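Guided by the hints, dock chain B onto chain A, whose structure is given.
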Amino acid sequence: MKRIGLFKIFLIMFIFIFLINDSFAQNSKVYFSIKGRKVSIVIGQDIVLFGLYIENNKDQFERFAWKNGHINDIAVDKNSNGKNIFLACGNGIMRSTDYGKNWKILTSWELTEALKVIIDPNNSNIIYTATAYGIWKTTDFGETWSKKVNGLKITSQTYTFCIDIHPSNSNKIFVGTADGVMVSSDGGETWKESGLQGREINDLKISPYDPNIILAATEDHGIYITKDGGKIWKQINMGLYSMTMYAVAFDPVSKGTIYCGGYKCGFAKSNDFGEKWEKYDNEIFDKDITKIAIDPNNSQVIYAGGMEWGLWKSIDGGKTFKCIAEADGKVSSIFISK
Amino acid sequence: MKNRIFVLFVLFCININFLVSQSDYEKSYRKRADSVIEYYKKLPFRVDAFRAMVKLNKGYDIPTALQIIDSLTYNPKGDMFWFYPAVALYCYGKDNMPPEYKAKMRQAFKNYTPNRGDTENHWMMYYTSLYLISQEFPGEDGSTWFNGKTSEENFKDAEGWLNFWMKTTSTIGQGEFDSPIYGIWYVTPLYLLYQFSKDPVMKKKAEIMLTWVIADFLEEYYDSVYTGAHSRLYPYDIFVKRKSQMSFLAAYLLGDRPLFYPDGSPYNLQYNSPIYALSDYVLPEIVAKIAKDRSTPYEVKEIKRSRNRIRYYDERNPVVAKYNYVNPDYAMGCVQTGWTEEILQHTWSLDWKSVKKDEVTTFFTIQPYYFADDMCSLFPEYKKYIVAGVVSSKTEYDKETKVVGSSPFEKLFQYKNTMIGLYDLTSERVKYKEYVGFFPKDLLVREEDPSGWIFCKANSVYFAFLPLKPYSWAEDKDVFRLISTDQKNGFILEVKGVNEIKSFEEFKSRIKKNKVIKTNFDKNMKISYTNLDGITIEFSYDGLRKVNGKDYLPLKYKLFDNPFMQAEVGGEKMIIQYKGEKLILDVKNAQMNYK
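So the protein sequences, as listed, match chains A and B. To convert, note that position 114 of the first sequence is 105 in my numbering; the numbers rise steadily by one, no gaps. Converting from the second sequence to my numbering requires adding 1 to each position, the first position being numbered 1.
FYI, nobody ran anything at the bench for these hints, they're computed from the structure. Wrong hints could be hidden among the right ones.
Residues from chain A shown here face chain B by an in silico Cβ test under 8 Å; the list is partial [unchecked claim]:
1. 100
2. 132
3. 135
4. 137
5. 169
6. 254
7. 298
With a straight-line Cα cutoff of 25 Å, these simulated DMTMM-like cross-link-like pairs (lysine to aspartate or glutamate) come out [claimed, not checked]:
8. B:434 <-> B:543
9. A:255 <-> B:543
10. B:78 <-> A:53
11. B:157 <-> A:53
The structure presented is a predicted model; accordingly, all values stated were derived computationally and were not measured. Note that beta-carbon positions come from the ideal geometry of N, C-alpha and C, so glycine has one too.
Bound conformation, chain A alone (with noise of 0.2 Å):
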């Protein structure tokens, strides 16, 4: 009797033990790439360890895709499961059908320097790229791809760096470009100034909640918020170290909470929209962070990376941080798949 208590319990304990696990891994997954790393990267160079990394246990990972040391994004088709993935190349779009095995270079020659690439979140069919040369879009699950470019202004507003799809109508899309922030109402065809013009975008989001809340981080002028759909933009710096701001996120469960990064600043919190921005005295204090993903099963996970530091995890809400992966690799993108 003994005997059969202490083995329902050790079974109880197991099954527990893997069902956190097992959820763990269930509920997401992360991606990421490495761009560069603190030696130089020169054309011609062997530079096999650069390339996508996919999590295949939790904070262990298995580096995928080819040798390719320009991919600048990572978009998954939440309605995959993993299986299509979508690369930002410096060679073009980069697809892979099969969880990452095999890849195909989907773009010719015209679509190069992708930096951005997002899947519309209402149809898998539509993707859209933002390169250093203009918006470009499928509709046909990158198959074939267009130029969409009417209404940017040659040079600074076909630079397009960041990229974001209204979560319920799929036709609003704004983008972040090197002469401020554009808006599209029909699905790219057409493209209008949405304010902070004279700004270099880094970063943009739209708010997982609230559609007209974005957020954009800029080149020399900090973090800004609209909360009217790209009206009007209020500059929030208070209690930031730097005006040169990488990377903005939204908290995906806490109303009124984002998260910001950048120029040898580290990493910065706010729980009321940027009033005020909390800074951890934490191990990437005082780094350059240019990613950051919220794990939007859990939203104490927290993965930031930059410059040549790797990729840094935080299961406490960015208190601490702990240095997970490549910690010498310039980080260029990080995706979380739920």
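For chain B alone, coordinates are given in the frame of chain A:
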């Protein structure tokens, strides 16, 4: 028996006809090509596609060639610098390649991913290689190629870029223009494209563009040097110009310098020359004649384009106007207006004849300048890191002691033998508030005259340099640097060939009498100079250019305008002429006609 005699007779006639129809130029060219082949054929093992290519093509020492293929296909590296030699090796060598080695190479084109690169020469190598290798293996699906595209998709992609480049270059000019280094990576892919393209139109266009690029080079070739301004040049090649890759190409094409030392070791040998030597392409003799004729002075005016600008510019490829004055005793050339890039551009130089080995025979100035925004206009990187990123491979870019690189705060106006340079260094963008003149230690004379002129005598030229503001000297290994730090600054330079004036003394005394007007220079930055030929040149920093009172407009230059070559902007056509001979390169219609 009768049939055999007939066949021998026909072969004899063909040979006779071949020998008779070959000009002396072609004969001597073929001799050089054969010497390259012979040299490469006998080289021992090294991981070098070119020697394997020659060995396989000639059926000589096949085991070594196969050993090289083993090495080249084991853990390849080098991106497009691996891709084009590998494709050349396959195309030239496949007929003598055992099936298992063909398969090994084919596998490498599946497993190894060459990056496309980020500059025009990278794309030229990449797309030419992609075009030819996808043509070699038609009808194969995406799983057999490194990028997942089918043979047809790869072919179409490469063909599209190549046609785009040909059209752009023949309408608004080359971006990476006139580079003594990078020029080779246009010439070499075009040789391959010409040799192996199965599409007769592409083959003809490759022949046309190859002739175009080489003619563009050889019109400015002087005493084994690629003279004038260059889009890109490395510091080493500035002072050792006769060892540049394009100068070695000229030695191969023209035979003006030996390719080998008497003991058979390589001397002026361009390392891509096996690709040329195995090719059927022979440079049209008219171009070679132009290259060798420096009997009378002539002006070269050209339109080129800036490297792709991705932000902060109103145009993708702003225009660049280039000028060169080629004289029997020297050549002097500059970028009159615009600039293609800030990192490696060599904006102007005066070059003269060399009389001893490794002599420094060039004079120029630069404004040492770097700025993150400029780099951001070229590369999609964060501004705060971009200078460090560039410096990681182009180490001199942000250094005060740099010898290459353009500055938007350096303005030049050259008319034949006279150059005026102006510098406004007041901008916050200018970190090093100076311009620097590089006076070689190999000059025969460098003397500072109380008049303010610095008189110099070299092997074939006299030149006089007038700094408009005070200066100091610093000494380097090969040169004395004149450094002038006034923020409103400039110089006047006048050159005469030793055959154009009686003596150095006369040159000096006459120069001192020349009229220089620079009233209120610090306010208007305007200068007027009347030179030894009585020509008055007016120039201001804000763009006024006059010659003898008439406006001078570099932006109105033709695509090519010199006594030997004519081409209109947008024309896709070049007319090459020399003493009654004429060759028309018609890119649009893929025709090459002699008249």
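How the hints compare with the structure:
Hint on residue 100 of chain A holds. Least Cβ distance to chain B is approximately 4 Å, under the 8 Å limit. Annotation: interface hint on residue 132 of chain A violated; nearest CB of chain B at approximately 14 Å, more than 8 Å. At about 12 Å, the closest approach between the beta carbon of residue 135 of chain A and any beta carbon in chain B exceeds 8 Å, and the interface hint on this residue is violated. Proximity of residue 137 of chain A to chain B is violated relative to the hint, the smallest CB-CB distance being about 15 Å (cut-off 8 Å).
Residue-level restraint check for residue 169 of chain A holds (minimum Cβ-Cβ distance to chain B is 4 Å; threshold 8 Å). Using the Cβ-Cβ criterion of 8 Å, the hint placing residue 254 of chain A at the interface with chain B is satisfied: the shortest such distance is roughly 5 Å. Taking 8 Å as the C-beta cut-off, the interface hint given for residue 298 of chain A holds, the closest approach to chain B being about 6 Å. The hinted pair formed by residue 434 of chain B and residue 543 of chain B meets the criterion: a straight-line CA distance of about 19 Å does not exceed 25 Å.
The suggested pairing of residue 255 of chain A with residue 543 of chain B is violated, with an alpha-carbon distance near 40 Å, which exceeds 25 Å. In summary, the hint linking residue 78 of chain B to residue 53 of chain A is supported, as the alpha carbons are separated by about 22 Å, within the 25 Å threshold. With a CA separation close to 34 Å, the supplied pair residue 157 of chain B and residue 53 of chain A exceeds the 25 Å bound.
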